[in-house]
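Enquirer: Starting from the given sequences, assemble the full structure and let the hints guide the process.
There are 2 protein chains.
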Amino acid sequence: MSAVLDIAMRARTAATELALTTTAVKNAGLMSAATALDAATATVLGANARDVASARDNGTRGALLERLTLTAPRVAAMAQGLRDIAGLPDPVGEMLEQFHRPNGLEIRKVRVPLGVIAVIYEARPNVTADVAGLCIKSGNAAILRGSATALHSNTAVVNAITPALDAAGLPPHSVQLLDDTTREGATELMRLRGHIDLLVPRGGPALIEQIIETATVPYVIDGDGNCHIYVDAEADLAMAGRIVLNAKTSRPSVCNAAEKLLVHADIAEAFLPGMVTTLEAAGVEVRGDARSRAIAPSIRPATDDDWGAEYLDLIMAVRVVADGGAAIEHITRHGSGHTEAIVTENQSTARSFVARCPSAVVAVNASTRFTDGGEFGYGAEIGNSTQRLHARGPMGLRELTTYRIEVWGDGQVRE
Amino acid sequence: MSAVLDIAMRARTAATELALTTTAVKNAGLMSAATALDAATATVLGANARDVASARDNGTRGALLERLTLTAPRVAAMAQGLRDIAGLPDPVGEMLEQFHRPNGLEIRKVRVPLGVIAVIYEARPNVTADVAGLCIKSGNAAILRGSATALHSNTAVVNAITPALDAAGLPPHSVQLLDDTTREGATELMRLRGHIDLLVPRGGPALIEQIIETATVPYVIDGDGNCHIYVDAEADLAMAGRIVLNAKTSRPSVCNAAEKLLVHADIAEAFLPGMVTTLEAAGVEVRGDARSRAIAPSIRPATDDDWGAEYLDLIMAVRVVADGGAAIEHITRHGSGHTEAIVTENQSTARSFVARCPSAVVAVNASTRFTDGGEFGYGAEIGNSTQRLHARGPMGLRELTTYRIEVWGDGQVRE
Numbered sequence: 001m002s003a004v005l006d007i008a009m010r011a012r013t014a015a016t017e018l019a020l021t022t023t024a025v026k027n028a029g030l031m032s033a034a035t036a037l038d039a040a041t042a043t044v045l046g047a048n049a050r051d052v053a054s055a056r057d058n059g060t061r062g063a064l065l066e067r068l069t070l071t072a073p074r075v076a077a078m079a080q081g082l083r084d085i086a087g088l089p090d091p092v093g094e095m096l097e098q099f100h101r102p103n104g105l106e107i108r109k110v111r112v113p114l115g116v117i118a119v120i121y122e123a124r125p126n127v128t129a130d131v132a133g134l135c136i137k138s139g140n141a142a143i144l145r146g147s148a149t150a151l152h153s154n155t156a157v158v159n160a161i162t163p164a165l166d167a168a169g170l171p172p173h174s175v176q177l178l179d180d181t182t183r184e185g186a187t188e189l190m191r192l193r194g195h196i197d198l199l200v201p202r203g204g205p206a207l208i209e210q211i212i213e214t215a216t217v218p219y220v221i222d223g224d225g226n227c228h229i230y231v232d233a234e235a236d237l238a239m240a241g242r243i244v245l246n247a248k249t250s251r252p253s254v255c256n257a258a259e260k261l262l263v264h265a266d267i268a269e270a271f272l273p274g275m276v277t278t279l280e281a282a283g284v285e286v287r288g289d290a291r292s293r294a295i296a297p298s299i300r301p302a303t304d305d306d307w308g309a310e311y312l313d314l315i316m317a318v319r320v321v322a323d324g325g326a327a328i329e330h331i332t333r334h335g336s337g338h339t340e341a342i343v344t345e346n347q348s349t350a351r352s353f354v355a356r357c358p359s360a361v362v363a364v365n366a367s368t369r370f371t372d373g374g375e376f377g378y379g380a381e382i383g384n385s386t387q388r389l390h391a392r393g394p395m396g397l398r399e400l401t402t403y404r405i406e407v408w409g410d411g412q413v414r415e
Numbered sequence: 001m002s003a004v005l006d007i008a009m010r011a012r013t014a015a016t017e018l019a020l021t022t023t024a025v026k027n028a029g030l031m032s033a034a035t036a037l038d039a040a041t042a043t044v045l046g047a048n049a050r051d052v053a054s055a056r057d058n059g060t061r062g063a064l065l066e067r068l069t070l071t072a073p074r075v076a077a078m079a080q081g082l083r084d085i086a087g088l089p090d091p092v093g094e095m096l097e098q099f100h101r102p103n104g105l106e107i108r109k110v111r112v113p114l115g116v117i118a119v120i121y122e123a124r125p126n127v128t129a130d131v132a133g134l135c136i137k138s139g140n141a142a143i144l145r146g147s148a149t150a151l152h153s154n155t156a157v158v159n160a161i162t163p164a165l166d167a168a169g170l171p172p173h174s175v176q177l178l179d180d181t182t183r184e185g186a187t188e189l190m191r192l193r194g195h196i197d198l199l200v201p202r203g204g205p206a207l208i209e210q211i212i213e214t215a216t217v218p219y220v221i222d223g224d225g226n227c228h229i230y231v232d233a234e235a236d237l238a239m240a241g242r243i244v245l246n247a248k249t250s251r252p253s254v255c256n257a258a259e260k261l262l263v264h265a266d267i268a269e270a271f272l273p274g275m276v277t278t279l280e281a282a283g284v285e286v287r288g289d290a291r292s293r294a295i296a297p298s299i300r301p302a303t304d305d306d307w308g309a310e311y312l313d314l315i316m317a318v319r320v321v322a323d324g325g326a327a328i329e330h331i332t333r334h335g336s337g338h339t340e341a342i343v344t345e346n347q348s349t350a351r352s353f354v355a356r357c358p359s360a361v362v363a364v365n366a367s368t369r370f371t372d373g374g375e376f377g378y379g380a381e382i383g384n385s386t387q388r389l390h391a392r393g394p395m396g397l398r399e400l401t402t403y404r405i406e407v408w409g410d411g412q413v414r415e
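Chains as they are written, first to last, in the working numbering: chain S, 1 to 415; chain X, 1 to 415.
Be a bit skeptical, because a hint or two may be false.
Which copy? The list can't say, so a pair holds if one copy fits it or any two copies do.
[Claimed, not checked] Think about it this way: if two alpha-carbon atoms lie no more than 20 Å apart in a straight line, the pair counts; the simulated DMTMM-like pairs of lysine to aspartate or glutamate are:
| no. | residue 1 | residue 2 |
| --- | --- | --- |
| 1 | 109 | 410 |
| 2 | 109 | 94 |
| 3 | 109 | 375 |
| 4 | 109 | 372 |
Everything labelled a hint here was simulated from the structure, so no lab data went into it.
Expert: In structure tokens, the structure reads:
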């Protein structure tokens, strides 16, 4: 039996028990795991230093290296994340529906775990603790397939928390790290139909493409964020300026950062020159269409490739549009379905934009950066769905569950 | 552009409008379509007669021919089905959640249509009307890809209802029949990622296998029903007998018919001889393990292949098990995740069985045959999900929707 299948079969056994494990035991496990992770800080930082040194030797730098690097406060934040998840309501057992039929049958829909959840993710060791915590709390067994670049870090985190989970009475193998970080190992994982109930790929377009073409297991795509802000003719322009600056510059490397700015033609002259100056002062390279460049000449020309791009960087492309309908058309054509925002004081315009927007999340007079499990009060998130099936937007505990339908009778048969 | 892509692009345009169409217009369209279908009865029956004649010439017989054959009452039932769907609550716009965050943001989860739904189905012309009706009511554009065997019938049904839908003000191309019934056409449909938001394959294992290996669009598997009934030591044996007989014989060709009977060892001698006699008198071939055959010698030997089989016929396989735990083990190993039932007077045994059962639907003291959208009060169903992601069990209107997340602010930015 291959190592990947072996892990998956152990995960199934764990999942069967985890589905029946009480909230108290799950929470005790999470609290113990947090304590154990705190206690293992030096070991985790030592392992992480090896990963960081190798990555640096291999030429990794900038945001990628920053995401890989752990510090004592970051390990403490991971442990606190586990405690926060322990504090969230347990979704399992929630009665979603309960009704009687005329023949006396009582039908109940009860929330239950999905089963075995696998996550393929980049070199971000904090994801290891987040995913483990969310899966445990939602009663699912977790298979973690991190990046080779973070293998020492991930191993140290998992080695710290799993003895604590076991000691607290959780089923063995509830959380497993796949140490086969080859592409072949990932491919095998994607094709374990019947063994994996949900695969969440967190990665770039190449991983998503591989999943779509290769996976036979159910998956939810955690996709790109080519997020737009539309500034309407009736916007509070000062508010629009604050929102655009925040959405673009507060953390440009994440998927909920704004990449595109659509400006209503009627206020383009009043709004764009100041906005572009502000963005450029914050280090943003602003690109744009001919109409925007005629108004703010420092804007560089955008190409057709710009409209579909997720920069994840201090770049923003601007386009002047006729109205909200034209903004929706642009978003429908070029967007990635993640998050869009409108800034307007006109409630009717806002409602129309929201109703027509094809994306998972639509913000009105707020930054795109609020699309986040933590900001929504879900605790951590296992990913952000840009597809329509099963879940949309930030995926917290409830998005890691399904339901069982119970039919309670006293001898009913069908005519 | 290929015919399949052309249809999909027209469906997207229709879906965008349908999502904004009022309940009143959708219901008026469904009522008009019902009237039009009634009026077209003779035409539909004439087209169906051609399909039936061809199928008979090609050797089709039995249940397959019966499912293909329309009669005036069956056409009337299809029309009534459309009226029934008009009478169901509109799921679109339902507020699933609404809450405020400490920073003043209001977050709303609002139910919205999935978009474009494609259904691949067998030679059952009544499915054409059911799927069209469910998709329209839930605000989705429908692409119907029926069997070549039913092409004349399906074309007649769609030609009857679409002018009525158009006249009632629904978007053109809300319901389209794909008249390319080749395997290549189906393959192309399965790979129209970005164009199809949900594909529901209703068919046998070969179709499911093709979907799993080939599809790039999101799908929900409408899978086999290898349904079990477990008769506990504390069952009311008379009730058990009625339930088993009903679940096996009331309609053996459908997926919610029971295929397997698991009997607690303690009551096997009291229960099996009479049960087997009753089943055999109803024309059922009973197969079984050595223990059951020692008790009821008319039982024929079961082979290993029997335990995983979906007979869809008057055959039932019996096994004597040690207890409910052994029954769950058997179901976990051999079941298809559709529906299982337990017959017991012991509530604690029932609760334990329900909690451990891996299937979508679990019935207590009721026939497996209640797993049905109509029996659950959903109106018609578009399929029955045997997977865990997105939806489980009968899929009615709500299972054809997703949600949009709205973030309403007054200028909030993220720290």
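Enquirer: For every hint, state whether the structure bears it out.
Expert: Here's how the hints hold up against the structure:
{"no.": "1", "hint": "109 <-> 410", "verdict": "within (18 Å within a copy, 38 Å between copies)"}
{"no.": "2", "hint": "109 <-> 94", "verdict": "both (9 Å within a copy, 18 Å between copies)"}
{"no.": "3", "hint": "109 <-> 375", "verdict": "between (29 Å within a copy, 15 Å between copies)"}
{"no.": "4", "hint": "109 <-> 372", "verdict": "between (28 Å within a copy, 14 Å between copies)"}
When the structure is compared with the earlier hints, no violation turns up for any of them.
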